[in-house]
Amino acid sequence: MSKILILGEHDGMTLNPATLKCVTCAKEIADSQITVALFGADTAAVAVQAAAVLGVNKVLRIDRPENAHPLAAVFAPQIVALAVDYTHVFGPSTSFGKDLTPRVAALLGVPQVSDLMAVEGAYRFRRPIYAGNALVTIEADPRRTLIATVRVASFEAAPPGGSATIELRTTGASLPTHTRYLGAKSGSTDRPDLQTAARVVSGGRALGSAENFKLLFSFADKIGAAVGASRAAVDAGYAPNEMQVGQTGKIISPEIYIAIGISGAIQHLTGIKDARTIVAINKDGEAPIFEVADVGLVGDLFQIVPELERLVG
Amino acid sequence: MQKIMVCIKRVVDYNVRIRVKPDGSGVMLDGVKMSVNPFDEIALEEALRIKERGSNAEVLAVSIGVADTQQQLRTALAMGADRAILVQVDAAVEPLTAAQTFLALARKENPDLIFLGKQAIDDDANQTGQMLAALWDRPQATFASKIEIADGKAVVTREVDAGLETIEIDLPAVVTVDLRLNEPRYVKLPDIMKAKKKPLDVTTLEALGISRGQLLTTIKTEPPPQRQKGVMVKDVAELVAVLKKKGLI
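In the order they appear, the protein sequences are chains D and U.
Quick note: the first sequence uses the numbering used here, first residue 1, plus one each step.
Quick note: the second sequence uses the numbering used here, first residue 1001, plus one each step.
Think of the hints as simulated: they come from the structure by calculation, not from any bench.
Please note that the accuracy of each hint is not assured.
Computed list of lysine to aspartate or glutamate pairs in DMTMM-like fashion (alpha-carbon distance at most 25 Å, straight line) [as the list claims (entries may be wrong)]:
no.	chain 1	residue 1	chain 2	residue 2
1	D	Lys185	U	Glu1148
2	U	Lys1244	D	Asp85
3	U	Lys1153	D	Glu66
4	U	Lys1244	D	Glu211
5	D	Lys273	U	Asp1124
6	D	Lys214	U	Asp1235
7	U	Lys1246	D	Glu156
8	U	Lys1229	D	Glu286
9	D	Lys222	U	Asp1235
10	U	Lys1246	D	Asp221
11	U	Lys1229	D	Asp193
12	D	Lys283	U	Glu1238
13	U	Lys1021	D	Asp274
14	U	Lys1234	D	Asp11
15	U	Lys1229	D	Asp274
16	U	Lys1021	D	Glu120
17	U	Lys1246	D	Glu255
18	D	Lys283	U	Asp1235
19	U	Lys1033	U	Asp1124
20	U	Lys1229	D	Asp284
21	U	Lys1021	D	Glu139
22	U	Lys1246	D	Asp11
23	U	Lys1220	D	Glu120
24	U	Lys1244	D	Asp300
25	U	Lys1245	D	Glu167
26	U	Lys1146	D	Asp11
27	D	Lys283	D	Glu211
28	U	Lys1051	U	Asp1082
29	U	Lys1245	D	Glu291
30	D	Lys214	D	Glu307
31	U	Lys1234	D	Asp193
32	U	Lys1244	D	Asp274
Derived coverage of chain D by chain U (criterion: at least 3 residues anywhere in the stretch with Cβ under 8 Å from a Cβ of chain U; other residues may be distant) [to be verified]:
no.	segment
33	42-50
34	63-77
35	111-117
36	153-165
37	234-248
38	285-297
By construction, the Cβ of each residue, glycine as well, lies at the ideal position given by its N, Cα and C atoms.
Work out the full structure, taking the sequences as your base and the hints as a guide.
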């Protein structure tokens, strides 16, 4: 039997949907028992949400003031203390999971498999390398705890319907004080979350300015979409970094991805390969984005986008 | 600030189109252009800027790789690193072994800061810096987009999914860098000449007391599935019609 510990991601109030994807991945391992660990100052509300996820057997609340913010150096020794009871430890391939899981793996002296995209066995997985331009099948030693991050774009969210037990847990781990959280700045928005949105409208350098990105926001709001950007657009200062889609930004899997004025560098395509339908709008008919697009339209985005917004109404 | 160690990796150049070997044993590397991992270049640039801002720290570039990795270390020296160490191996090492190796170098060199790129663009593992920080029992600041150093501490702005996060860490520490930290300088010809005279030491895993761990086995390598060729539409009306038919809007 595989006993899988999932490191739940949350903001103190809400369980991040990336955790639901980890549950789906863990369920694909035969005969698995799934525990979600929640670290925080007070995880009571989040624990109720995690317990209601179908497939979760147990939720561990590790509440202490030092856990108020997700600092890898603080969480890792506590996870190591819990890990003795598990065969696998999974985190999401989000900035939270990527920061945390290698620190846990190193403390345990075991390897990590990053970005699981398919389960072929309890210790055999597929993952992308070279920005998704090749896929490798990796086998890990079953005698060691396996640490992994789950590529969230590769799995559906686990549905509700569970009724896991919730347990308060303390660990004897001594925590470092060398790392201190100072604050966060997020471009809070009423739009859907880019990582989990069903519809995404994304803009590239051809938008020409931050001002022109408003064109995309307006259209996105009309169809209830999240807004993303290419690295070129972010580097040019047209959009904030949290909007970046691609190898080094967010890797997403919406139902529909509408790429506007994005040429389609390999690094960008890496981030959108799992989109169900890709729509490309670009004035250059030779742009590489058209090689992956399901539907393409060559033309001037400044005319097309307003017209599109009008016609979808 | 006495010393900054920068870990760099030799990887297939950013612009090379990757091809998988027909027998599934890996990707084609013969005759392919190799470069410094772009994130590691940003890491080195940051170290050089800290040095040039007046700290006058020694900048040490280190790498683990095949003999030809000396080329990438020479590039690092040409950019401005003071000296370099290559831990020569005959095949790629896993991130945990890399972290153990860098730890052995850190114990010898006692740097105040260790910089790495947040990931290498070949295996995209995004592990080595965090593992090194854990083994060294020191703070980590990953995905850095801004670094301010004062009084034995660093305040680091990190690029996280929700936006930007700021943490304070005590030095020595490990920092992994993200794309927007800086723009690396171009190497000038006289610097390349000068770099030839800078010290580049070669050592081995054995000399550092590291046994190569082979904890993961790669069974096969395959190309990703290709998307089916799409359709081109002539105008917005047709685009909307297609999307409506697919039930997408």
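Index of numbered hints that the structure contradicts, given in increasing order: 2, 4, 11, 14, 22, 25, 31, 33, 36
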